[in-house]
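Could you build the full structure based on these sequences and the hints that come with them?
If you want the building blocks of each chain, they are given just below.
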Amino acid sequence: MEKINNILEICNLSIAYGPIKAVKEVNLEINHGEFVALIGANGAGKSSLLKSILGINKAEKGSIFFLGQDITRKPTDKIVSSGLSLIPEGHVIFSSMSVLENLQLGAYQNLADFEENLKRIFDYFPVLKDRSSQIAGTLSGGEQQMLSMGRALMSKPKLILVDEPSLGLAPKIVTDIFNILTELNKEGYAILLAEQNAKKALEGSHRCYVMKTGEIAMSGFSTDLIDDPKIRQAYLGGN
Amino acid sequence: MEIFIAQLISGLALGSIYVLLVTGFNLMLLVAKIIQFAYPQIVVVSMYTCWWVLKLTGNKLIIILAGVSVSIILSLLSEPIFRKISSIEGVDINASFIASMGIAMIMMDIMSHSINYGFPVAFSPDWVGGNIFGYGLITVSKGQLFALLGGIIAVLIFFFLLYHTNQGRFFRAIAENRFAACLVGIPIIKTSIFSYLIVGILGGFSAILFSMLIGSASPWLGEFVALKMLAVSIVAGLGNLQGGLVCGLLLGIIEAMAIGYFSGSWSNVIAFAVMLIVVLMKPGGLFGIKI
Amino acid sequence: MSEVTYYFLGFAGIYVLMGWALYLPYRVGQLNFLIVACMAITAYFGGFAAREWGWPFIVILIIGILFGATIAFIFSLAIGDAPCFTVVIVGLTSVFIVKTVIENWRTLGGTIGFFHIPGPNNMLAIIYSLLFLVGLLVFRIDHSRWGRAASVVFIDRDVAVTLGVDIKKLGMFFQIISCSIAGMAGILDAFLVKSLSPEFFTFSMIGYLMCILFVGGYTTMWGVILSAFFLQGIPLMFPSNIASWRLVIYGALLVIIILLRPEGLITRKMLWSIKIKSPRYITN
Ligand SMILES: Nc1ncnc2c1ncn2[C@@H]1O[C@H](COP(=O)(O)OP(=O)(O)OP(=O)(O)O)[C@@H](O)[C@H]1O
Ligand SMILES: [Mg+2]
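Protein chains in written order, with this note's numbering: chain A, 1 to 239; chain B, 1 to 291; chain C, 1 to 284.
Check each hint, because a few of them may be wrong.
[To be verified] Derived lysine-lysine pairs resembling DSBU-like cross-links, with alpha carbons at most 35 Å apart:
id, chain 1, residue 1, chain 2, residue 2
1, A, 212, C, 269
2, C, 169, B, 290
3, B, 33, C, 269
4, B, 282, C, 168
5, A, 78, B, 290
6, B, 84, A, 58
7, A, 129, B, 33
8, C, 194, B, 290
9, A, 78, A, 58
10, A, 74, B, 190
11, B, 84, A, 78
FYI, nobody ran anything at the bench for these hints, they're computed from the structure.
Shown next, in the form of structure tokens:
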């Protein structure tokens, strides 16, 4: 039997919002256990791409394979249950529910070993344990981001899509969050991280795709890209 | 004083039916994101069903089953229409209001043409039942007792379902943040269909309790009830379930008091006038909009 | 002219007016059913003043318009910027209150109705000249600063606020114009039919007006004209046993139009394509 190497493969994917073409013919691949970054300026189409992987935006053209299966036209709940999870940009949480309830909802597709899972999440984010009965809307921005991450992990995904976790957070917390992502990756989770903070993203990831107005402008190993003069010029603030 | 107590009892009985209706309406609003203005018409059709089955058989269980199933079927039948409407690009919640108004007109006209020559139907005394308690002016009829107990039990079960079961949590999740609910993998359409089912059940029970309480039904009952339902939910704040509880009961009490102290046809005017004044003073509702 | 044609044209004209009265506040997303209450009140006032006090038509007409404006002004102080369904419920409750009051008011004929209203014999000329004037007014409003601001409010209230649109003032303006038109329509109705019945001003009237606005198309002022004539013609087009199912027909039309053509028969795009100049809107 042929061994499928990649966990996610995107072929010629295009997304349009009416007349606006947000993503044009994008090809992208993630291998098992890999930490891949997707960098690009505002409006480059990163979020659109991630949302379409989860089936929230419908793809106009092209196809998406997850673990060798075509998931392009599947409904979001099926995609989530097959092992994909998105941590969206901004703090998308159920703000009138308690922290615990948020995490319970995260386990919708994986109610089996809930307690064990919860313990694991609390190990990553101790702050959530202390606040588990607090109403989620009253958490601080950083805590909300952690809740959003914790909730996504509750479904035991095989691949985590992360959209700008650093948005609006203090540098200290951003560093914490990147550390946790790296740690998760070491434990075997594959990660696709969309980020504007190119420096952090390149430092943490194995490979990187650079997106520009809906297209992949460049791709390669992060260590190579970090030294690329064009990248330095455009995304890392000069020399 | 005796009048007061008597009217309080009948107001609470009436109010608990309003509460059931408003709760169903709000659930539709929160989960399916529609204004189901035709909901009271479904309830009235279900009352007509009870009336019709009652003529065929005396078996209460069959009557209840018939009433509830008709309500469930109608509610589920409306689901594809509303789903189609919500999926059209560029339409907002008003579209569902307009469509449900159309559906309400259709149901009302069919009832006023085809059933009992358009005359109101009366339920047999056997179904309605007489007084089971009397003390001076204070009496409690079987219908009142059933409406009150049935209403309380149904609402308790509903809130238990909403706050203490997984399915209820999914309802609340969709109501609060559709996008996040989608992300955690809640099947939106399936859950939404389930909410139509719940609303159908609630509607069926309100139909049975209502028919026991008032002992009659007419084609134009639906429009009055629809108006009260919408008014209560707006006075409370659209989508506010707890507010709906309070305001539904209050409306029942106000109406009953008006019946007790003024002549018949003015009771509705007083109830509507009170709601009108409250809405004018607090356009956003007493307890806040929750959608 | 046959009696059927006379009443067909007369009612169609009045319903175009009522359609516009519903259309204007919906420009800012409000369904103002208060117009039905205004129409009922002024119709009864007009009938009463003409029969009992012998007032001339023109005076009654002016009072009717002013009455609509006053009522709308008072209400709109509270609900000028209210959400759609708050306005809906204010309208609906007012309609039922007014209807019940009329039904219980012996002098106004109660449930039986109010008959023998004297007045001009041929109302069509009056109705259609007023229709023309109101049409001009609606057209002017649509093409004015107010009209453009309304389009922004309809699409996004928050954006409108940040652009400096005074939503409350705008809502008040539209509600006042709308109720004045309705007040006028009420007077015209009383003098056209020469008799009144509270049964006329109910839920089915509201459903009918919704049908006129949404089947015709709520994005332009022209849809109302098309559908008012078309819907008024339905009972004439079909044999009476089918025509008695009017409400089923109207209800079905509402559902079908929302499903198939949510913007109604006449849309803004259509006007553009046949090069009728229509106000510039922020594209959405
Ligand atoms: N729902 C939508 N409707 C219309 N256009 C949209 C929608 N969502 C995104 N777009 C457009 O698609 C393009 C790509 O947006 P996207 O959110 O994917 O960018 P991004 O790379 O995530 O940017 P950022 O870093 O600012 O989050 C933008 O031009 C945006 O305006
Ligand atoms: Mg983004």
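- Is it true that the CA of residue 74 (chain A) sits at most 35 Å from the CA of residue 190 (chain B)? Roughly 15 Å separates the two Cα atoms, so the pair holds.
- Would the pair residue 129 (chain A) and residue 33 (chain B) pass a check requiring their Cα atoms to be no farther apart than 35 Å? holds, 34 Å
- Message: Can you confirm whether the C-alpha distance between residue 282 (chain B) and residue 168 (chain C) stays at or below 35 Å?
- Response: At roughly 15 Å apart (the allowed maximum being 35 Å), residue 168 (chain C) and residue 282 (chain B) satisfy the hint.
- Is the Cα-Cα distance between residue 212 (chain A) and residue 269 (chain C) 35 Å or less? holds, 34 Å
- Given the hint that residue 84 (chain B) pairs with residue 78 (chain A), test it: the Cα-Cα distance must not exceed 35 Å. holds, 22 Å
- Would you check the hint for residue 78 (chain A) and residue 290 (chain B), treating anything up to 35 Å between C-alpha atoms as holding? Satisfied, since the Cα-Cα distance of roughly 29 Å is no more than 35 Å.
- Query: Are the Cα atoms of residue 84 (chain B) and residue 58 (chain A) separated by 35 Å or less?
  - Reply: holds, 17 Å
- Task: For the pair supplied as a hint, residue 169 (chain C) and residue 290 (chain B), confirm whether the alpha-carbon distance does not exceed 35 Å.
- Result: It holds: about 26 Å lies between the C-alpha atoms, which stays within 35 Å.
- Query: Straight-line Cα separation of residue 33 (chain B) and residue 269 (chain C) no greater than 35 Å?
  - Reply: Since the Cα atoms of residue 33 (chain B) and residue 269 (chain C) sit roughly 28 Å apart, the hinted pair holds (cutoff 35 Å).
- Message: Run the distance test for residue 78 (chain A) versus residue 58 (chain A): straight-line Cα separation, threshold 35 Å.
- Response: Holds, at about 14 Å.
- When you check the alpha-carbon spacing of residue 194 (chain C) and residue 290 (chain B), does it fall within 35 Å? Status violated; Cα separation ~48 Å.
Checked against the numbered hints given earlier, this structure breaks only hint 8.
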